[in-house]
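There are 2 protein chains.
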Amino acid sequence: MTKRFERSLDIKNGRVDMTHGSGGRAMAQLIEQMFAKAFDNPALAEGNDQARLTLPMVNGKAPRLAFSTDSYVISPLFFPGGNIGSLAVHGTVNDVAMAGAKPLWLSAGFILEEGFPLADLADIIETMASAAKECGVQIVTGDTKVVEKGKADGVFINTAGVGVFDESLDLSTHNIKVGDAILVSGTLGDHGVAVMAEREKLVFDEPVLTDSAPLNGLIEAMVKSGVELHALRDPTRGGLATTLNEMAQSASVGMRLEEAAIPVRPSVRGVCEILGLDPLYIANEGKLIAFCPAAQAEKLLAVMRLHREGRNAAIIGTVVEDENNFVEMKTSFGGNRMVDWLAGEQLPRIC
Amino acid sequence: MTKRFERSLDIKNGRVDMTHGSGGRAMAQLIEQMFAKAFDNPALAEGNDQARLTLPMVNGKAPRLAFSTDSYVISPLFFPGGNIGSLAVHGTVNDVAMAGAKPLWLSAGFILEEGFPLADLADIIETMASAAKECGVQIVTGDTKVVEKGKADGVFINTAGVGVFDESLDLSTHNIKVGDAILVSGTLGDHGVAVMAEREKLVFDEPVLTDSAPLNGLIEAMVKSGVELHALRDPTRGGLATTLNEMAQSASVGMRLEEAAIPVRPSVRGVCEILGLDPLYIANEGKLIAFCPAAQAEKLLAVMRLHREGRNAAIIGTVVEDENNFVEMKTSFGGNRMVDWLAGEQLPRIC
Numbered sequence: 016m017t018k019r020f021e022r023s024l025d026i027k028n029g030r031v032d033m034t035h036g037s038g039g040r041a042m043a044q045l046i047e048q049m050f051a052k053a054f055d056n057p058a059l060a061e062g063n064d065q066a067r068l069t070l071p072m073v074n075g076k077a078p079r080l081a082f083s084t085d086s087y088v089i090s091p092l093f094f095p096g097g098n099i100g101s102l103a104v105h106g107t108v109n110d111v112a113m114a115g116a117k118p119l120w121l122s123a124g125f126i127l128e129e130g131f132p133l134a135d136l137a138d139i140i141e142t143m144a145s146a147a148k149e150c151g152v153q154i155v156t157g158d159t160k161v162v163e164k165g166k167a168d169g170v171f172i173n174t175a176g177v178g179v180f181d182e183s184l185d186l187s188t189h190n191i192k193v194g195d196a197i198l199v200s201g202t203l204g205d206h207g208v209a210v211m212a213e214r215e216k217l218v219f220d221e222p223v224l225t226d227s228a229p230l231n232g233l234i235e236a237m238v239k240s241g242v243e244l245h246a247l248r249d250p251t252r253g254g255l256a257t258t259l260n261e262m263a264q265s266a267s268v269g270m271r272l273e274e275a276a277i278p279v280r281p282s283v284r285g286v287c288e289i290l291g292l293d294p295l296y297i298a299n300e301g302k303l304i305a306f307c308p309a310a311q312a313e314k315l316l317a318v319m320r321l322h323r324e325g326r327n328a329a330i331i332g333t334v335v336e337d338e339n340n341f342v343e344m345k346t347s348f349g350g351n352r353m354v355d356w357l358a359g360e361q362l363p364r365i366c
Numbered sequence: 016m017t018k019r020f021e022r023s024l025d026i027k028n029g030r031v032d033m034t035h036g037s038g039g040r041a042m043a044q045l046i047e048q049m050f051a052k053a054f055d056n057p058a059l060a061e062g063n064d065q066a067r068l069t070l071p072m073v074n075g076k077a078p079r080l081a082f083s084t085d086s087y088v089i090s091p092l093f094f095p096g097g098n099i100g101s102l103a104v105h106g107t108v109n110d111v112a113m114a115g116a117k118p119l120w121l122s123a124g125f126i127l128e129e130g131f132p133l134a135d136l137a138d139i140i141e142t143m144a145s146a147a148k149e150c151g152v153q154i155v156t157g158d159t160k161v162v163e164k165g166k167a168d169g170v171f172i173n174t175a176g177v178g179v180f181d182e183s184l185d186l187s188t189h190n191i192k193v194g195d196a197i198l199v200s201g202t203l204g205d206h207g208v209a210v211m212a213e214r215e216k217l218v219f220d221e222p223v224l225t226d227s228a229p230l231n232g233l234i235e236a237m238v239k240s241g242v243e244l245h246a247l248r249d250p251t252r253g254g255l256a257t258t259l260n261e262m263a264q265s266a267s268v269g270m271r272l273e274e275a276a277i278p279v280r281p282s283v284r285g286v287c288e289i290l291g292l293d294p295l296y297i298a299n300e301g302k303l304i305a306f307c308p309a310a311q312a313e314k315l316l317a318v319m320r321l322h323r324e325g326r327n328a329a330i331i332g333t334v335v336e337d338e339n340n341f342v343e344m345k346t347s348f349g350g351n352r353m354v355d356w357l358a359g360e361q362l363p364r365i366c
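These protein sequence lines map, in sequence, to chains U and G.
The first sequence begins at 16 in my numbering and counts up one residue at a time.
The second sequence begins at 16 in my numbering and counts up one residue at a time.
To be clear, the hints were calculated from the coordinates, so they are not data collected in a lab.
Certain hints may be false.
Said to hold, decoys possible - Pairwise CB distance ranges, derived in the manner of DEER restraints:
hint, chain 1, residue 1, chain 2, residue 2, range
1, G, 359, U, 20, 47 to 53 Å
2, G, 323, U, 326, 46 to 52 Å
3, U, 338, G, 222, 54 to 60 Å
These numbers were taken from a predicted model, which means no experiment stands behind them.
Each residue gets a CB set at the ideal place from its N, CA and C atoms; glycine is no exception.
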């Protein structure tokens, strides 16, 4: 796996830089060469966004759990369509749901900066409570720490989520097969552009809102449809491009996308053109990528489009054999383009 | 419950201050009046350091989980006897174990400050990996975020822990009964004094090390002893005094302690006298408080003393009827002293 990194980490003299949190190649290297190496165990080694855990046997059956965590350091804390609180609930609920598990419980750890207004904290907490209710999960345990002014940035929130598998579903990158169709559940780039617009005080005719939303309901409908789902993943940090590259590598396949089929809002496309950003690399917080046999893709698409969070779903490509695990895209102009990992840092602190 | 707060939180104009993270009364108020109110659910309302959760039925049996989280913001990151990594493992393992559950899995969320040396991060990660191994738990899922220089303080770590109950054990503050004996597993104040000594560059003849250690092995031995355990709790932030006050209130009882029976290292006592600190309010990271029927206390004590983490265990007091839920102490000079909640902030960022 290490061949994709041009040079090994300089652990002796190196320092953390912003690219280590970008979701791209530098982060993957940090995780692989430091965290995964030290914490080595089968659940972690699977490389999914959540651990799949088997409990001790109960009456001859071993219940299975999904367990995931994310820290949220988004700046600004409040942005069009949400705040760090809704993001912290949706993000972790979605990570648990992507395994095919039903999210049940969240923990919430707050790191507060001295001087942070209690009124803002109250807003964030209320938003978290509403978001949890909407997702059908409970925030059952928590922790609060306070650090001196200047030692944090308002509020950081960590949530961890636990879900249960109530059927023998196994959605994992390793199930992806050559010939599978690749679907996305809706428009790309909304979250990142909404946050950046707030950060840079950009004004648009049609404001772009975050897409932050719970996807467990959509996934439940997809599972119930009877379509043979192979894998789900939410394209957050690093966007669609980075997520597909991770998955291609993990599943030892290649992927071919159709640019014309990838849904992007005109307003998002416009902002990206002006600012030189690529929507394929921008974080989403309410979208998923799905893999299923090509013959069942139209059926799955129809099911997704019936759901509010999947109404703009589309089939965007195909899984192919490729020993280099490349993700390539046929552009709208008929050319071919490599879709590489995010290399640097496109938008820092987007989640 | 709200009667213990002299005034209600000024949510409109108030700001977070360091006391909100101290483990004392201000933190209890913030949690009760903001978090618990908004996130209201039975598991959270129990007021334990971990949620006790019942999974859906499997073959007619409902497996039970314990789930807990803590964020670690200790300063300095490295201190005598440990670092933020070992603390982040021991602290959460202990919170899960205090319910009587067997800790199995941890998540780990890192918030890194840009510019942090990778060599220090590697040390912390290695320490976490060793600590997890010693505790018999696996770090199965994680997350890494990076914030700009000056927006955090080196490294913050959140861990969440999941454990299973493999018997019908129910250790909870609500089980504490009038007449119960109160035991501690060893000397108090070691962790706080070790961290403060490092912070203030104090030099002692006999260096004080953190007591940070996993307690799940000790608890397993205590459970196996057959003694009727009622409740366990680790006296971390706010120390023994604040933890006992929380428990007295939650169980609607009073407590009477014997100062002469409370184990404190001479070196810790000396530092506390010089600096005007009280060991009863200082954080511990490898100690527990246990409640059991008085008639079984000597047996429990003997079992605890056979274990490395309980070798200095002691019976320190008794649970009494008291409608004010006061914790009082007979001092070594024969007087009586109220042992109140920690009111302000004794040692900031101790865990």
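The hints, checked one at a time:
| no. | hint | result |
| --- | --- | --- |
| 1 | G:359 - U:20: 47 to 53 Å | holds, 49 Å |
| 2 | G:323 - U:326: 46 to 52 Å | violated, 60 Å |
| 3 | U:338 - G:222: 54 to 60 Å | holds, 57 Å |
Checked against the numbered hints above, the structure breaks only hint 2 and satisfies the rest.
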